[in-house]
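Chains as they are written, first to last, in this note's numbering: chain Y, 2 to 113; chain B, 148 to 258.
By construction, these hints were calculated from the structure, which means they are not laboratory data. Values in this document were obtained by computation on a predicted structure and should not be read as measured data. Any given hint could turn out to be false.
Straight-line Cα separation of at most 25 Å, DSS-like style, residue types lysine-lysine; simulated pairs [as the list claims (entries may be wrong)]:
1. B:K218 with B:K152
2. B:K203 with Y:K58
3. B:K201 with B:K152
4. B:K201 with B:K245
5. B:K245 with B:K215
6. Y:K58 with B:K201
7. B:K245 with Y:K58
8. Y:K45 with Y:K58
9. B:K245 with B:K203
10. B:K203 with B:K152
11. B:K152 with B:K245
12. B:K215 with Y:K58
13. B:K245 with Y:K45
14. B:K152 with B:K215
15. B:K215 with Y:K45
Here's a subset of chain B near chain Y, in silico, CB distances under 7 Å, partners left out [said to hold, decoys possible]:
16. Y186
17. G207
18. F209
19. P226
20. K245
Residues from chain Y shown here face chain B by an in silico Cβ test under 7 Å; the list is partial [unchecked claim]:
21. P40
22. G43
23. L44
24. F91
25. G105
Backbone N, C-alpha and C fix where the C-beta goes; we use that ideal spot for every residue, glycine too.
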Amino acid sequence: NAGVTQTPKFRILKIGQSMTLQCTQDMNHNYMYWYRQDPGMGLKLIYYSVGAGITDKGEVPNGYNVSRSTTEDFPLRLELAAPSQTSVYFCASSYSREDTQYFGPGTRLTVL
Amino acid sequence: DQQVKQNSPSLSVQEGRISILNCDYTNSMFDYFLWYKKYPAEGPTFLISISSIKDKNEDGRFTVFLNKSAKHLSLHIVPSQPGDSAVYFCAASDDDYKLSFGAGTTVTVRA
Numbered sequence: 002n003a004g005v006t007q008t009p010k011f012r013i014l015k016i017g018q019s020m021t022l023q024c025t026q027d028m029n030h031n032y033m034y035w036y037r038q039d040p041g042m043g044l045k046l047i048y049y050s051v052g053a054g055i056t057d058k059g060e061v062p063n064g065y066n067v068s069r070s071t072t073e074d075f076p077l078r079l080e081l082a083a084p085s086q087t088s089v090y091f092c093a094s095s096y097s098r099e100d101t102q103y104f105g106p107g108t109r110l111t112v113l
Numbered sequence: 148d149q150q151v152k153q154n155s156p157s158l159s160v161q162e163g164r165i166s167i168l169n170c171d172y173t174n175s176m177f178d179y180f181l182w183y184k185k186y187p188a189e190g191p192t193f194l195i196s197i198s199s200i201k202d203k204n205e206d207g208r209f210t211v212f213l214n215k216s217a218k219h220l221s222l223h224i225v226p227s228q229p230g231d232s233a234v235y236f237c238a239a240s241d242d243d244y245k246l247s248f249g250a251g252t253t254v255t256v257r258a
């Protein structure tokens, strides 16, 4: 049982490039989340999903897109990378709203 | 606007002593509170939680206290151990499933 896995671990992008951050969970969780953590700040919710085919915006969705075609996968897409998107990105999942969120190890992204 | 605040960025404590981490919140609709622990290069892991209907929850060496009138919660770790050295995040949610996180407190346990 791998839990929540994220790839890549690190990435450097140039301004204007695009990329997809991958997130997979093998716990059959319905809920999945994407957070970003900037230095000295708490985690902020970007997007979340309550099940396959259902996604919604969190606190800081601008510049990102998500999809949820399967229960297991919840990729985060950056279309036009900007320096303000330099951050550590965490994916998380939970069985239900009330349940504990389990986090992946994170992806450290730098946009230059 | 930061709805969950951890005003102490760091805390240093001697092994065997008590660690007390504090957290304040501004949203009176928050009804569920959690503490997460994070080691470097890892994701946060759940530590302990408390519902707003309680004022204390204990799990082994970890106890969380909630003071709703003051909009304040604290995490006590007794006794502190070297493996407790980590970043601790306070988080809160209301009747939806969105967590608001504090900025974290880095705990260093000295031998």
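Taking the hints in turn, this is what the structure says about them:
| no. | hint | in the structure |
| --- | --- | --- |
| 1 | B:K218 with B:K152 | 11 Å, holds |
| 2 | B:K203 with Y:K58 | 33 Å, violated |
| 3 | B:K201 with B:K152 | 21 Å, holds |
| 4 | B:K201 with B:K245 | 21 Å, holds |
| 5 | B:K245 with B:K215 | 20 Å, holds |
| 6 | Y:K58 with B:K201 | 31 Å, violated |
| 7 | B:K245 with Y:K58 | 11 Å, holds |
| 8 | Y:K45 with Y:K58 | 12 Å, holds |
| 9 | B:K245 with B:K203 | 23 Å, holds |
| 10 | B:K203 with B:K152 | 20 Å, holds |
| 11 | B:K152 with B:K245 | 16 Å, holds |
| 12 | B:K215 with Y:K58 | 29 Å, violated |
| 13 | B:K245 with Y:K45 | 10 Å, holds |
| 14 | B:K152 with B:K215 | 15 Å, holds |
| 15 | B:K215 with Y:K45 | 24 Å, holds |
| 16 | Y186 | 10 Å, violated |
| 17 | G207 | 16 Å, violated |
| 18 | F209 | 15 Å, violated |
| 19 | P226 | 25 Å, violated |
| 20 | K245 | 6 Å, holds |
| 21 | P40 | 9 Å, violated |
| 22 | G43 | 3 Å, holds |
| 23 | L44 | 4 Å, holds |
| 24 | F91 | 5 Å, holds |
| 25 | G105 | 5 Å, holds |
Violated hints, listed in ascending order, are 2, 6, 12, 16, 17, 18, 19, 21; each of the other numbered hints is respected by the structure.
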